[in-house]
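Chemist: Taking this note's numbering, the leading residue of the sequence shown gets 7, the next gets one more, and so forth.
Please note that the accuracy of each hint is not assured.
[What the hints assert, rightly or not] For lysine to any residue, the following SDA-like pairs were computed, each having C-alpha atoms within a straight-line distance of at most 20 Å:
1) K23 with H34
2) K23 with D78
3) K23 with E71
4) K22 with A90
5) K23 with R85
6) K23 with D125
7) K23 with N74
Simulated from the structure, these hints should not be mistaken for lab results.
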Amino acid sequence: MSKSIETLQEKSKEAKKYHEIQSWLVAHLAHSLDLDPDMVNIHQDFTDYGLSSVEMVNISGDLEEYLNCRLDPMLVLERPNIHALSDYLANSTSAKVSDRASFHPEAQQLLAELDTMSDEEVDQLLNTMLSAQELTEEKFAVNRSLGHADE
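Starting from the given sequences, assemble the full structure and let the hints guide the process.
Modeler: Here it is, written out as structure tokens:
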């Protein structure tokens, strides 16, 4: 099979996956907010619908179940709307992660504990994780500017 045909087939699979994920997200958001699915705009930011950071992380968990794979809990916070999230999940190789069963036991335990935490506790944990990620990225940027990118 020629490379161009393989590329077209891969693009077709990605487009199909994009529409499947988009449809699921529209239905999920509409159900969660008690809206008609036709009222959900895929380009409108999640925050414009009044979703808190905790609710957005919960969407990530529901997506994990739908896609049967582990996703970064911050994924929904990093993608502002249904279109951006669907596009990322359908096209990004980094979004194609392994099955949940292969996760480190500590990660599985944390995921189980999230279900028992209050919204405030989850929000606090999320803010702590975001702060730690920002510090790590900042340290990397400083090290890179100093010529120490491997630290």
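Chemist: If a hint holds in the structure, say so; if it doesn't, say that too.
Modeler: Going through the hints against the structure:
1. K23 with H34: Between K23 and H34 the Cα gap is close to 16 Å, so the pair holds against 20 Å.
2. K23 with D78: holds, 19 Å
3. K23 with E71: At roughly 16 Å apart (the allowed maximum being 20 Å), E71 and K23 satisfy the hint.
4. K22 with A90: holds, 15 Å
5. K23 with R85: holds, 17 Å
6. K23 with D125: violated, 31 Å
7. K23 with N74: holds, 14 Å
In the structure shown, a violation is registered for the earlier hint numbered 6 alone.
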